[in-house]
Amino acid sequence: MTNTTPHISVQDLNVHIGNQHILKNISIDIPNKKVTSIIGPSGCGKTTLLKSFNRLLDNTADVKITGKVLVDGEDIYDPNAEITHIRKKMGLLSQRPYPLPMSIYDNVAYGPRIHGNPKKKDLDILVEQQLRATGLWGEVKDRLNASATRLSIGQQQRLCLARGLAVNPEIILGDESTSALDPVSTNIIENLFIELKEKYSIVLVTHILRQAARVSDYIIFVYMGEIIEYGPTKELLHNPKEKLTQEYVKGYIV
Amino acid sequence: MIKRKIEEYFFKTLMILATIIVVGSFFLIVGTIFSKGLPYMTLDMVTKVPGGGFYIGKEGGVLNAIIGSLYIAGGATVLGLIISIPVAIYINMYLNNKNFISNLLRTVFDVLFGIPSIVYGAFGFLIMVYFGLRASLLGGTIAVTLLIIPVLVRTLDEVIRTVPGELRDAALSLGATRWEAAKVVLRQIRPGIYTAILLAFGRGIGDVASVLFTAGFSDNIPTSLHEPAATLPLAIFFQLGSPIAEVQGRAYASALILTIVVLIITLLSELLIKKFSKHKIG
Amino acid sequence: MQKIRLLTDKILSKLMLFFTIASVSIVIIIGVGLYYRSRGVLDHASWWQLLSSSVWKPMKGLFGFYPFIMGTLWVTGIAIIIALPLCLLTAFYLSEYAHTRIKKILIPFVNLLSGIPPVIFGVWGVLFIIPLIQDHIAPHFVDFSTGYSVLAGGIVLAIMIFPLIVSIVSEVLRTIPQELKDASLALGATRWETIKKVTFRKALPGIIAATVLAISRAFGETIAVLMVCGNNAVVPHSVFDTGYPLPALIANNYGDMMSIPLYDSALMFAALLLFIIILLFNIISRLILARLERNLVG
Chain A
1 MTNTTPHISV
11 QDLNVHIGNQ
21 HILKNISIDI
31 PNKKVTSIIG
41 PSGCGKTTLL
51 KSFNRLLDNT
61 ADVKITGKVL
71 VDGEDIYDPN
81 AEITHIRKKM
91 GLLSQRPYPL
101 PMSIYDNVAY
111 GPRIHGNPKK
121 KDLDILVEQQ
131 LRATGLWGEV
141 KDRLNASATR
151 LSIGQQQRLC
161 LARGLAVNPE
171 IILGDESTSA
181 LDPVSTNIIE
191 NLFIELKEKY
201 SIVLVTHILR
211 QAARVSDYII
221 FVYMGEIIEY
231 GPTKELLHNP
241 KEKLTQEYVK
251 GYIV
Chain B
1001 MIKRKIEEYF
1011 FKTLMILATI
1021 IVVGSFFLIV
1031 GTIFSKGLPY
1041 MTLDMVTKVP
1051 GGGFYIGKEG
1061 GVLNAIIGSL
1071 YIAGGATVLG
1081 LIISIPVAIY
1091 INMYLNNKNF
1101 ISNLLRTVFD
1111 VLFGIPSIVY
1121 GAFGFLIMVY
1131 FGLRASLLGG
1141 TIAVTLLIIP
1151 VLVRTLDEVI
1161 RTVPGELRDA
1171 ALSLGATRWE
1181 AAKVVLRQIR
1191 PGIYTAILLA
1201 FGRGIGDVAS
1211 VLFTAGFSDN
1221 IPTSLHEPAA
1231 TLPLAIFFQL
1241 GSPIAEVQGR
1251 AYASALILTI
1261 VVLIITLLSE
1271 LLIKKFSKHK
1281 IG
Chain C
2001 MQKIRLLTDK
2011 ILSKLMLFFT
2021 IASVSIVIII
2031 GVGLYYRSRG
2041 VLDHASWWQL
2051 LSSSVWKPMK
2061 GLFGFYPFIM
2071 GTLWVTGIAI
2081 IIALPLCLLT
2091 AFYLSEYAHT
2101 RIKKILIPFV
2111 NLLSGIPPVI
2121 FGVWGVLFII
2131 PLIQDHIAPH
2141 FVDFSTGYSV
2151 LAGGIVLAIM
2161 IFPLIVSIVS
2171 EVLRTIPQEL
2181 KDASLALGAT
2191 RWETIKKVTF
2201 RKALPGIIAA
2211 TVLAISRAFG
2221 ETIAVLMVCG
2231 NNAVVPHSVF
2241 DTGYPLPALI
2251 ANNYGDMMSI
2261 PLYDSALMFA
2271 ALLLFIIILL
2281 FNIISRLILA
2291 RLERNLVG
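Protein chains in written order, with our numbering: chain A, 1 to 254; chain B, 1001 to 1282; chain C, 2001 to 2298.
Hints are computed from structural coordinates only; laboratory data are not their basis.
Where hints are given, some of them may not hold.
[Claimed, not checked] Taking lysine-lysine pairs in the PhoX-like style, the calculated list, with each CA pair at most 25 Å apart, reads:
#	chain 1	residue 1	chain 2	residue 2
1	C	K2103	A	K120
2	C	K2003	B	K1183
3	B	K1275	C	K2003
4	A	K33	A	K119
5	B	K1003	C	K2003
6	C	K2103	B	K1274
7	C	K2060	A	K120
8	C	K2103	C	K2202
9	A	K141	A	K119
What you are looking at is a predicted structure, and each value in this text was computed from that prediction instead of being measured.
Hey, can you work out the whole structure from these sequences and the hints?
In structure tokens:
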């Protein structure tokens, strides 16, 4: 565990979907300005955990959530909490890119326009800034008004990242965000994550151990809805303490 | 921020109101028919044909119309099935599914589906004139058959498309001919076929414009294809036009009968659709 | 054995092809048939004269279809103005806000509405809408109204097309992936903002297609409007005026058809008009859908 204040602090989180107990008594701290990966076999609750951070879980049918999730010290599940404000703090990158049905420019400008009334000049600067940050600027600067759906999948995913960054989040959540991409695009996005952790705390769900090893500082291993082990990347992968962790990372060779 | 919240609240309320109006209109209509029709509903209405002075308020019922409608809708459904099942199978299994032609065909049937029943009625009338037929059970059946073929083809097509290609391929790869594979598919979608039948039958029994010119009207139950046949919707229409309150009331009761029949049919088909989606593979 | 199976397959496939071609050619046959039977009036007047004249005197052989076309337009227009907003709101509510349990209860009733035969709508219109207009609505606006009006026709038609629009738009909304909406929500948008800026845009082609189909359905509806519209061959100038839509014209006068010369071909012309207009609408709706889909998929 680190000494700095955790950005996200989960306390006794329990999630039921229908009759199934998906997440059991989760308590974990996500450190500030580091990359944390959540790994584990399919169906163990990784994505559910991720979605509980920005309360997108609320939209799932038949869901019951108990416990606390503190972001910057505030419980986001407090009944008085304002959801759109919470979500604004976090950028979400899904498994497949979902460009909004509008132009490239409008995609990035979407968030800022909702939360305020930015002037065109400021918006232009912001859009360029975020597109540069994700390495897209060179490729799209001549066709900002083209539909975002015309981009390649790798480009679309980077666009979604730029879009998420445009609302000035503090935290970036990635849900297996490179699994639909080819190796080159995957590489670009992984490098982006490494760069971005200077400014943002990043939580990634991944089932690719190699990716977790390359990109993250900390790893959380989840199995059947419970956290089995947590620790710095190298330690967890090379010297796992729990037997289950050992079984899971067995196939991993540096 | 507050402005956004107010906007959300405002539109959500608007949406709920709209939903209440839309859903509520069903109850309004059925409720009105029931409340106006029930007082005039007697056993005679469903068991007797019109007596001598029926239209001026005397004895009888609408059995002629009930039977006539059943004959026409039933006959049309059977004829329609004979034509539609092969067509639906042909589009889905004998042509490569993504083919330009099969999409073209689907479009044509969608267009046929959109043609109003009055046009089918007028056309049916033309056919009858051409062949020298008089307004009769046969004429009405032909017109309604034309009307419901697109309904059947469309429904059957949708249902067949829910069968995953792999199932068809599985049959074909075992060396089955296309027709044999089709039989497998048909068995798989049997509840869907029933749904299509119910929908087409419901459409056929309630439609006026197609039988207006072609079926004629009669106070008797037709005994041959060449006799004119009464239909429930027309019976309602004629009775409603009478100046005598008693006869108007009978119109409401007839409307009630028709409504009940159609509601039962629609409910059954809803149930079938639910049952269908529970059991299908894939 | 093998030979018989293959032969059966071949014969059946030819038979199916025949049925398919036959069904499809019905469109053409109907068009041609109606055109031929309309030649009577077409010999006496040009298309333009028939469509723009308001003089309807069958006994004198004068057939001006303008009032009927206008009647159809008025009734359909009123129906769409009423139905479209209500149905869009309903479809969005059911798809984006309502709990599954509520949906399960409400949706069957919308479907049941679609099964009700038009003549029942007509009876209800006479029982409920006509008195409503005559006694409660019209007095605020005009001096005298029997209640039989294009407004009545429009209201009844609107309810008839509720299920059509709601079901198509709901279908379309169902195809929009939750993740797309999540992407907007994750940026901090409210549910309504997501609907307004993302979901609605994505659903637009489907909404347009639904509207065009609803219009073409309303155009062709016969019996329900016949019973409540008043059926006077004049051009309506307000919602409280009576109207005489094309289908009602055909249905009402088929009895006189054979006794007055040219009357039958005039009515066939009316049917041809309907056929052509509805055909065009259907085709346009398909084209719009195809093009917009191509744009969005990119």
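Here is how each hint holds up against the structure:
1. A distance of roughly 42 Å separates the Cα atoms of K2103/C and K120/A; the hinted pair therefore is violated under the 25 Å criterion.
2. Taken as a hint, the K2003/C and K1183/B pair is honoured in the structure, with Cα atoms around 19 Å apart against an allowance of 25 Å.
3. About 39 Å separates the Cα atoms of K1275/B and K2003/C, which puts this hinted pair outside 25 Å; it is violated.
4. About 31 Å separates the Cα atoms of K33/A and K119/A, which puts this hinted pair outside 25 Å; it is violated.
5. A hinted pair counts as satisfied when its Cα atoms are at most 25 Å apart, and K1003/B with K2003/C does not qualify at roughly 76 Å.
6. Among the hinted pairs, K2103/C with K1274/B is consistent with the structure: their alpha-carbon atoms are about 14 Å apart, no more than 25 Å.
7. Straight-line distance between C-alpha atoms of K2060/C and K120/A comes to about 68 Å, which puts the hinted pair past the 25 Å bound.
8. For a cut-off of 25 Å, the pair hint linking K2103/C to K2202/C stands: about 22 Å separates their Cα positions.
9. At most 25 Å may separate the alpha-carbon atoms for a hinted pair to count; K141/A and K119/A meet this at roughly 20 Å.
In summary, the numbered hints that this structure violates are 1, 3, 4, 5 and 7.
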